[in-house]
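Below, each chain spelled out in residue letters.
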Amino acid sequence: MRDVAIIGVGCTNFRSRHPDKTYFELAFDAAKEAFADAGIDKSDVEAAVYGIYNDFFTRQYQPDAFCHDYLGLPPIPAMRVNTGGATGGSALRAGYAEVASGLYDIVLVLGVEKCADCFDYFTKNPVPEVLRAILYTSDMTYDNPIGRTAASGFALAVLAHMNKYGSPTEEQMAKVSVKNHGNALKNPRAQSGMKITVEDVLKSPKIVDPFKRLDNCLYTEGASAVVLASRRKVADLRLKRPPIWISGLGAALDWVFPGNRESIAEFHGCRVATKKSYDMAGITDPLAQFDLAELHDAFTGTELMSYEDCLFCEPGQGGRLIDDGTVWPGGKLPVNLSGGLIGCGHAVGATGLMQTSEIVYQLRHEAGERQVPNARRGLVQSIGGTLCAWTVSLVLERID
Amino acid sequence: MASQKISKKDAFYRYHASRLRLPEEKLRPIYDDELDGKKAPDDPFEVPDKMDVFFKYSYGGQSRFFREILHHEQLLGSKCPACQKVYCPPRSACPRCYEKTEWVELPGTGKVEAFTIQHYSTSAFVKKVPFLVAYIRLDGSDFLMMANIEMDDVSRAKPGMPVRVAYRLEKSGHITDIYFQPLDE
Chain Z
1 MRDVAIIGVG
11 CTNFRSRHPD
21 KTYFELAFDA
31 AKEAFADAGI
41 DKSDVEAAVY
51 GIYNDFFTRQ
61 YQPDAFCHDY
71 LGLPPIPAMR
81 VNTGGATGGS
91 ALRAGYAEVA
101 SGLYDIVLVL
111 GVEKCADCFD
121 YFTKNPVPEV
131 LRAILYTSDM
141 TYDNPIGRTA
151 ASGFALAVLA
161 HMNKYGSPTE
171 EQMAKVSVKN
181 HGNALKNPRA
191 QSGMKITVED
201 VLKSPKIVDP
211 FKRLDNCLYT
221 EGASAVVLAS
231 RRKVADLRLK
241 RPPIWISGLG
251 AALDWVFPGN
261 RESIAEFHGC
271 RVATKKSYDM
281 AGITDPLAQF
291 DLAELHDAFT
301 GTELMSYEDC
311 LFCEPGQGGR
321 LIDDGTVWPG
331 GKLPVNLSGG
341 LIGCGHAVGA
351 TGLMQTSEIV
361 YQLRHEAGER
371 QVPNARRGLV
381 QSIGGTLCAW
391 TVSLVLERID
Chain L
1 MASQKISKKD
11 AFYRYHASRL
21 RLPEEKLRPI
31 YDDELDGKKA
41 PDDPFEVPDK
51 MDVFFKYSYG
61 GQSRFFREIL
71 HHEQLLGSKC
81 PACQKVYCPP
91 RSACPRCYEK
101 TEWVELPGTG
111 KVEAFTIQHY
121 STSAFVKKVP
131 FLVAYIRLDG
141 SDFLMMANIE
151 MDDVSRAKPG
161 MPVRVAYRLE
171 KSGHITDIYF
181 QPLDE
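Chains as they are written, first to last, in this note's numbering: chain Z, 1 to 400; chain L, 1 to 185.
Hint data in this document are derived by calculation from the structure and do not stem from the laboratory. Check each hint, because a few of them may be wrong.
[Stated by the list, open to error] Here are some chain Z residues pointing at chain L (derived, C-beta under 10 angstroms):
# : residue
1 : D20
2 : Y121
3 : V127
4 : A151
5 : M162
6 : G166
7 : D209
Backbone N, C-alpha and C define an ideal beta-carbon position, used for all residues, glycine too.
Let's have the full structure, built from the sequences with the hints guiding it.
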């Protein structure tokens, strides 16, 4: 298997709505920025992978083919990847495989999502219709008809975790919201930077127990692109910026009917994917070996569970890391300096690549006010599906 | 006979209301600025739309599960003859052993593994809130089933609470023909 580097990234602003851009126009902006960032021409690209989650959001099935056309990339090969919330991470995994296998030397991986054209005419609000569109990706026979949402799936996992381990507490979850909204203030691309208090979170309206409104990520529109290259190409290109190497990669698809799992109180698939990526990259002590991590904080409680399932600590100990400062800016392992999904936003197909671009900026030491001094190695966790069905875990490194 | 000329606005709203099967007043006055010519040439131009497809959906090898609920108010599971595990929701083949399963009757009782109260939901359910969504450990089944619990006071729900299946009087052939109630209600 050949080594694979990220040589360019591009990311649009993450916003609640971009009424002035279609999904393929957002994709265009991210791709153009990524090509310029890598210092390549679009004619250098040999294949493309598109991460786009929801066909109702785009009001278009097979939106990847239309992106490809608007990006002017025909006739190079391209395919679309869709693994729910993990779509961005999975698209990167597919692109990685194409380069690592020797099939291509330069591959574009592009994630895009545009949800807020969905609109509920009865409440004059996009959100209930966005939720309805999402629920077409839950099981249509047993789960969709009962009115569950993505939030209630994850809420059930957090509640099962609370029943089993006595944690996380609602205060610990609120601290994650305070941290991630605060981090987003320093990210110009972020949708929802805010200085808030634990009290603000606890007093925000209930959505799905135990999640209040400020425990949830937002619906976001945006696009993010990554250019991958083989080691040979990295040597040829005379890059202006340091390449960032993908030194570890693991993935899993757990039982998507979580009732089939041994337990719903942990994300077993995440643990499997994480372990695989750590073994590949030689990570044995994540708290010491990573300088920062971007975890999929669709909900505050799931970020806390992810500390455990990304093996930062023992099961049941996740809340401790938010209490003792470990995961805050300046802590031993800052988590979600971009603001994460809660602060920067969750533009589903683009999210995993937004997280990746944050790690790339950090490892290149281009992250401005958010910069972790001398960052060398970071983790991306991209998860999706009912109670974390899909996980992609990526270890990114700068090697000078 | 000359057809009656209607305004650009009325024509637009009438067309979309009919096509989308929405009351016209739900669309008005969202598009008035556009139709009154108040938008600049390069402002985003928005239009109403929807996507839908009708089905005559077959439950395939799971058909008997839904038919027993519809006609006999009986909850079934499917049992693997090799590993003896019982699935509900049912599976026509065991995904672990790859053996064809056999139908077994379930008593319809169980315990709540975890539950949450939905204070918000999709446009299809937003009028029903607050309501309960739970994972239920059914007696006689080896796996959890996601289902609604209906009870007079949702604040009384507790993990571990015993529940039993209940059947709607008016059935649709969907999974919502069943729901769960606390055993003591």
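Which hints, by number, does the structure contradict? Hint 6 is the one this structure does not satisfy, whereas the remaining hints hold.
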